[in-house]
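Residues per chain, in single letters:
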Amino acid sequence: MATEVAEHLEVHRHPEPTNFWTKYIFSIDHKVIGIQYIILAIVAVFVGMALSLLVRLRLVWPDKPIEILGTLFPVGAPEGVMTPEFYLAMLTMHGTMMVFMVLTTAPQGGFGNYILPIQIGAADMAFPTLNMLSFWTTFVSFVTLCAAFFVQGGAPIAGWTAYPPLSALDEATIGGYGQDLWLLSIAFFCIGSLLGALNFIVTTLQLRAKGLTMMRLPLTVWTWFVTAILGLLAFGVLLSAGVLLLMDRLGGTSFFIPGGLLVNDIPIDHTGGSPILWQHLFWFFGHPEVYIAILPGMGVTSHILATFARKPVFGYKAMVYAVVAIGALGFVVWGHHMFVSGMSPYSGFVFSVLTMCIGVPSAIKTFNWIGTLWGGKIRFTTPMLYSIGFVSLFVTGGISGIFLGQPSVDLFFHDTYFVVAHFHLIMGVAAIFGMFAGVAFWFPKFFGRMMSEGMGKVHFWLTFLGVYAIFGPMHYLGVIAHPRRYAETTSVDYLGAAGANEIHYFVTMAAMITVTVQCLFLINVVWSLFKGKRVTSDNPWEATTLEWVTATPPAHDNFEGRIPTVNHGPYEFSVPGAPRDYVMQCNAPDAAPARKSGE
Amino acid sequence: MSDAHAEPTAEATWQGGGSPFAVGHKKLGMWLFIVSDALTFGALLMAYSYLRVANDWPTPFDFYPAIIFSSVMTLVLLSSSLTMVFGVSCASKGDRAGTKKWIWATILGGLLFVVLHSYEWNHLIHEGLTPFSSPYGTPLFGATFFTLTGLHMTHVAIGVVYLAVIANGFGRGKYDAEDVEVVGLYWHFVDLVWMFIFPMVYLLSTKV
Ligand code: HEM
Ligand SMILES: [Cu+2]
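In the order they appear, the protein sequences are chains A and B. Residue numbers for the first sequence follow the working numbering, beginning at 1 and rising by one. Residue numbers for the second sequence follow the working numbering, beginning at 1001 and rising by one.
Just so you know, these hints were derived from the structure itself, not from any lab. By construction, the Cβ of each residue, glycine as well, lies at the ideal position given by its N, Cα and C atoms. Keep in mind that a hint or two might mislead.
[What the hints assert, rightly or not] Some chain A residues well away from chain B (every beta-carbon gap over 12 angstroms; in silico):
no., residue
1, 53
2, 153
3, 217
4, 248
5, 310
6, 407
7, 465
8, 537
9, 581
[Stated by the list, open to error] Computed footprint of chain A on chain B; a stretch qualifies when at least three of its residues, placed anywhere within it, have a C-beta under 8 angstroms from a C-beta of chain A:
no., region
10, 1026 to 1038
11, 1051 to 1062
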């Protein structure tokens, strides 16, 4: 029995592929798959940004003809004027692209895939073929989603949350297959994410190198691990909900459609269902999902702050417990999205208190980040700037969350631009800053060249100011009770009187500039690929974790058959008495004389 | 960096270089799959309960044939779990022939379940029950009934194929005892799910 278990634990050493297809397309190498996820996310983020610009244009100039739109979308924008349905369709696709195809793919499937096995000293994931399947399932999901643009009836309009009855009834929309494709795409996405999550968990538990205890894991690994657990528990529920909604649309069932409904004066022939049921199922997934998006960013930030402050992460154990607590509490707060759904005030109270509880581990993390920076010998590299930006955005977005977590306050703020500001800062932009940081930090390991620091810094500052310019004023729009998801508000008196039109104009301008600035990032990536400064060492940042002892870029099996042994904790910087100001995890046990290793 | 090839140990260890639970990847992976699949079924059962409470729910199942039938199906499925246990035990003792025999007995149980269940479906469809209409009252009765039992039956059908693959491969030495154990885990889980569906969907809807 014993030898058998050992056999099952053998690290996967698959032979290096020689042909183009198995090497770059249907690769089972976690590094290639990671890059594939990142490319998918980059394509999706540019599509998503283009959609957001359409949304912004329509908000400021609801009836101004834009000729090119008329040519491109004769139905959605006849004579260049976007219809309200078209606005909603673009909004829905924007949200879906960003939340699923960007924030759920690159941080976990992209960076996690590439870096996690190396940081734990493994040759690959536990199930390499399954890993490939996860990616390609996600890819099919992406293609299915894009197909929704082109079918009869066009893209769905029910928002990324797909609330029924709007999402369930053709009578309520233009009809067509957009929403069906959307649901199909989400179902594929769930399956791909579930397979991925399973793989990450097994890999982290089983494939750690000798000496790499859980409390010596880099915080990046911890956040990928907890994210995978969240994914494993959340996506199954979304899958069920999606299938039920698809049956309502195609099978004539009425899980989510109540009786006695009149839509556009047409009586709807369904009875017995409940739209609230969808909200429960959706948000049981949806809240953990926002942590799926943000946790990897937290890990990357912790990792980078310590590296460039040349200090151990302040309160490593507290950081680990905080991540676990955030993950666990994330499953019991979904009701805070439903305060106005008519829930009992007692339930609202419970959800509110639990929501406030999440503030505690979040604050612990924030203070520990500041503690890590405090008194450090800070090196202001581009990855460091992005990480500090992450902390700023996380705090700003977190504070508005505390407002929204109060049912009495949320009664007013729900479905206003205050919410839009909140989730964009904390989830959208913060997570994206985590990715920027990750790209800038690991680029030298991926490609053997540094990214341009100059372009990086310009991009950081313009983006950082840009996102605050876009989403800062939206808080005010929420305060003046500006509802979200409305295609046309320029002629609403109470909003105009409070200055909403000018603000929308300002925000749209800021958005156009910020989106343009993102091309600089792309240029930086491409330029650095060919012209960036070549790295002179395998460890250009003088970091401590295992990915920096591999070749650059890492060999096919990462460690060229010599799996390291780990003797130290992940963040041994400025160790008193050590010859250098850092001790790598795989250095000899006596490399850090003064401080006890690990713990 | 040590040059020594870090050989994985077979003992449970959290120290790295081995499995914390002294299990192979596949077994741990199956446990995790079961967790996520349990949530998929859990969501459906929650939805079912929610809709059941919110509506005037019919109780149309006669003692004969529905309840008798479903009880026999339950018995068949439970017995197939038992034969699976024998199969796993044979496999761990290295008894290839015995393992194969017991797994095939399990497959037979699974097939019998599917046949009985299809017969039962057929009977209900003849009475006019479909996913979108029901002769007994709210159409949601049919919708939830077919969704829950349908998804479960799919799991049984997949399980039958999976079992056949393992039985065949184990006989030829392609799979080992742990692979048998892993398919066993899956099979017991499918059985366990039925132990929720049977009381919640059938027994609670018995004509009184
Ligand atoms: C270039 C930067 C961005 C701009 C200008 C932008 C703009 C907008 C606007 C104007 C809305 C519609 C508000 C409404 O009418 O309800 C919106 C919604 C949304 N955005 Fe963004 N956004 C940007 C980036 C992102 C990112 C990175 C994410 C990733 C999470 C994201 C996720 C969402 C979501 C989930 C919604 C809600 C969609 C819905 O309710 O259906 N956005 N965005
Ligand atoms: Cu939430």
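Tested hints:
With a cut of 12 angstroms on Cβ distances, residue 53(A) stays outside the contact zone with chain B, its closest approach being about 36 angstroms. Here residue 153(A) stays apart from chain B, with its beta-carbon at least about 22 angstroms from theirs, past the 12 angstroms limit. The claim that residue 217(A) is not at the interface with chain B is violated, since a C-beta of that chain comes within 12 angstroms of its own (minimum 10 angstroms). With a least CB separation of 9 angstroms from chain B, residue 248(A) falls inside the 12 angstroms interface cut-off, contrary to its annotation.
Consistency note on residue 310(A): stated as away from chain B, and its beta-carbon is indeed over 12 angstroms from all of that chain's, at 23 angstroms minimum. Residue placement check: residue 407(A) keeps its beta carbon more than 12 angstroms from all beta carbons of chain B (closest about 22 angstroms). A cut-off of 12 angstroms between C-beta atoms confirms that residue 465(A) is not in contact with chain B; the least separation is 42 angstroms. Chain B leaves residue 537(A) outside its interface by the beta-carbon criterion, the shortest separation being 15 angstroms against a cut-off of 12 angstroms.
Consistency note on residue 581(A): stated as away from chain B, and its beta-carbon is indeed over 12 angstroms from all of that chain's, at 20 angstroms minimum. With a threshold of 8 angstroms between beta carbons, the proposed coverage of the region 1026 to 1038 of chain B by chain A holds, since 10 of its residues qualify and at least three are required. Residues of the region 1051 to 1062 of chain B with a Cβ under 8 angstroms from some Cβ of chain A number 3, which satisfies the need for three, so the listed coverage holds.
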